[in-house]
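Undergrad: First to last, the sequence lines map onto chains A and B. The letter at position 25 of the first sequence is residue 25 when you use the numbering used here, and the numbering goes up by one with no holes. The letter at position 73 of the second sequence is residue 73 when you use the numbering used here, and the numbering goes up by one with no holes.
Hints in this document: simulated from the structure, not taken from any laboratory. Any given hint could be a false lead.
Restricting the straight-line Cα-Cα distance to at most 20 angstroms, the calculated cross-link-like pairs of lysine to any residue (SDA-like) are [said to hold, decoys possible]:
1. A:Lys42 to B:Tyr52
2. A:Lys42 to A:Gly110
3. B:Lys60 to A:Tyr47
4. B:Lys82 to A:Pro148
5. A:Lys30 to B:Gly80
6. B:Lys82 to A:Tyr47
7. A:Lys24 to B:Leu105
8. B:Lys82 to A:Asn115
9. A:Lys101 to A:Ser78
10. B:Lys61 to A:Ile46
11. A:Lys42 to B:Ile69
12. A:Lys42 to B:Leu67
13. A:Lys42 to B:Asn63
14. A:Lys42 to B:Lys92
15. A:Lys30 to B:Met81
16. A:Lys42 to B:Lys55
17. A:Lys42 to B:Ser143
18. A:Lys42 to B:Thr66
19. B:Lys82 to A:Gln147
20. A:Lys42 to B:Tyr83
21. A:Lys114 to B:Ser70
22. A:Lys101 to A:Gln74
23. A:Lys42 to B:Ala74
24. B:Lys82 to A:Leu95
25. B:Lys82 to A:Arg149
26. A:Lys101 to A:Arg119
27. B:Lys35 to B:Tyr52
28. B:Lys60 to A:Ile46
29. A:Lys179 to B:Ile69
30. A:Lys114 to B:Leu67
31. A:Lys42 to A:Leu95
32. A:Lys42 to B:Lys35
33. B:Lys61 to A:Ala49
34. B:Lys55 to B:Ser70
35. A:Lys177 to A:Glu162
Listed here are the chains, written in short residue letters.
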Amino acid sequence: MSSFSRSAQQWATFARSWFLIDAKMQPPGKIATMCSVRLQGKHKPIYHALSDCGDHVVVINTRHIAFSGNKWEQKVYSSHTGYPGGFKQVTAAQLHLKDPKAIVKLAVYGMLPKNLHRRTMMQRLHIFPDDELPDDIRANLTEELPQPREIPRKLSEYTQEEIDAFPRLWTPPEDYKMK
Amino acid sequence: MVFLTLSCWIRSRGPDRYWKVQEVLKHARHFRGRKNRCYSLAVRAVRRAFVYATKARKLKKRNMRTLWISRIAAATREHGMKYPALMHNLTKTSVQLNRRVICDLAVTEPRSFLSLAKLARARQQEGFRAALGDGKEPAGVFSRVVLLQ
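Please model the complete structure; the sequences and the hints are all you need to start from.
TA: Next up, the structure:
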């Protein structure tokens, strides 16, 4: 790159930022992709696999994570203890009850590149099941990322005026029995 | 008999073995183990290294291109676009910058890169208007392509 002209040196280019993600009512896969992109440093134009440009990511409210579909009953997490007959299979619901951090942690672990940097990147990921953060982590946070999924409102959260103003598709006849 | 004294019977078998050996060992000095000292082991290791270097010259071009693409993608996502949209719209506006140059702009000239992203976004919006509209409105400024002959 001999045609480079010297531009101004930006001193904070390789600084490590701390991102905050609120996982309340969010799909854990989408949370995990956002985490893995920032842990590798792929959100930076100066990315290189060897330059250790990943950032810290703090995920809160992982207890209130929301799988779509029937994944709470159908998704199976398998492991083996190493001993004969030690093949364990646990559904996502059971795993979440046992450890609310495990689903996000396993999702991010599977999305990171499968090399020796993965363990250091996992050490830079901080997962908390609820809203409470330790003070030193709270002091380090630099940016909050927007949530990937728009949380739909419950029927009880709509005001009566909005319900009345909603257009009616069809009017039922008088002798129609609603279930 | 031609060689009548003992000193004439001494033949030199090749006076420059030392330099021939050093020619090979100098390429092996940073290797691990006895490969960096012993000629027979070093010859094999050096040949392997040269073969790897020859093959890697083609791989380097591929790796550099993927690196440029990932860096450009990261920079475009900072501006709210995606890499395929950026490149497609830049080619449609006949901006013939290659990925190496765009990557360097993204790293050292952020405002020039922002202007490229805005150009691509404008061309994208013009494309949407032309596709969804009736065809009565003229396509926008950036959709005009000059055919040089």
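Undergrad: Next, verify each hint and record whether it holds.
TA: Taking the hints in turn, this is what the structure says about them:
| no. | hint | verdict |
| --- | --- | --- |
| 1 | A:Lys42 to B:Tyr52 | violated, 29 angstroms |
| 2 | A:Lys42 to A:Gly110 | holds, 16 angstroms |
| 3 | B:Lys60 to A:Tyr47 | holds, 17 angstroms |
| 4 | B:Lys82 to A:Pro148 | holds, 16 angstroms |
| 5 | A:Lys30 to B:Gly80 | holds, 18 angstroms |
| 6 | B:Lys82 to A:Tyr47 | holds, 17 angstroms |
| 7 | A:Lys24 to B:Leu105 | violated, 38 angstroms |
| 8 | B:Lys82 to A:Asn115 | violated, 27 angstroms |
| 9 | A:Lys101 to A:Ser78 | holds, 16 angstroms |
| 10 | B:Lys61 to A:Ile46 | holds, 19 angstroms |
| 11 | A:Lys42 to B:Ile69 | holds, 11 angstroms |
| 12 | A:Lys42 to B:Leu67 | holds, 10 angstroms |
| 13 | A:Lys42 to B:Asn63 | holds, 15 angstroms |
| 14 | A:Lys42 to B:Lys92 | violated, 27 angstroms |
| 15 | A:Lys30 to B:Met81 | holds, 18 angstroms |
| 16 | A:Lys42 to B:Lys55 | violated, 28 angstroms |
| 17 | A:Lys42 to B:Ser143 | violated, 32 angstroms |
| 18 | A:Lys42 to B:Thr66 | holds, 12 angstroms |
| 19 | B:Lys82 to A:Gln147 | holds, 19 angstroms |
| 20 | A:Lys42 to B:Tyr83 | holds, 13 angstroms |
| 21 | A:Lys114 to B:Ser70 | holds, 18 angstroms |
| 22 | A:Lys101 to A:Gln74 | holds, 19 angstroms |
| 23 | A:Lys42 to B:Ala74 | holds, 6 angstroms |
| 24 | B:Lys82 to A:Leu95 | violated, 36 angstroms |
| 25 | B:Lys82 to A:Arg149 | holds, 19 angstroms |
| 26 | A:Lys101 to A:Arg119 | holds, 17 angstroms |
| 27 | B:Lys35 to B:Tyr52 | holds, 16 angstroms |
| 28 | B:Lys60 to A:Ile46 | holds, 18 angstroms |
| 29 | A:Lys179 to B:Ile69 | violated, 56 angstroms |
| 30 | A:Lys114 to B:Leu67 | holds, 18 angstroms |
| 31 | A:Lys42 to A:Leu95 | violated, 30 angstroms |
| 32 | A:Lys42 to B:Lys35 | violated, 38 angstroms |
| 33 | B:Lys61 to A:Ala49 | holds, 16 angstroms |
| 34 | B:Lys55 to B:Ser70 | violated, 23 angstroms |
| 35 | A:Lys177 to A:Glu162 | violated, 24 angstroms |
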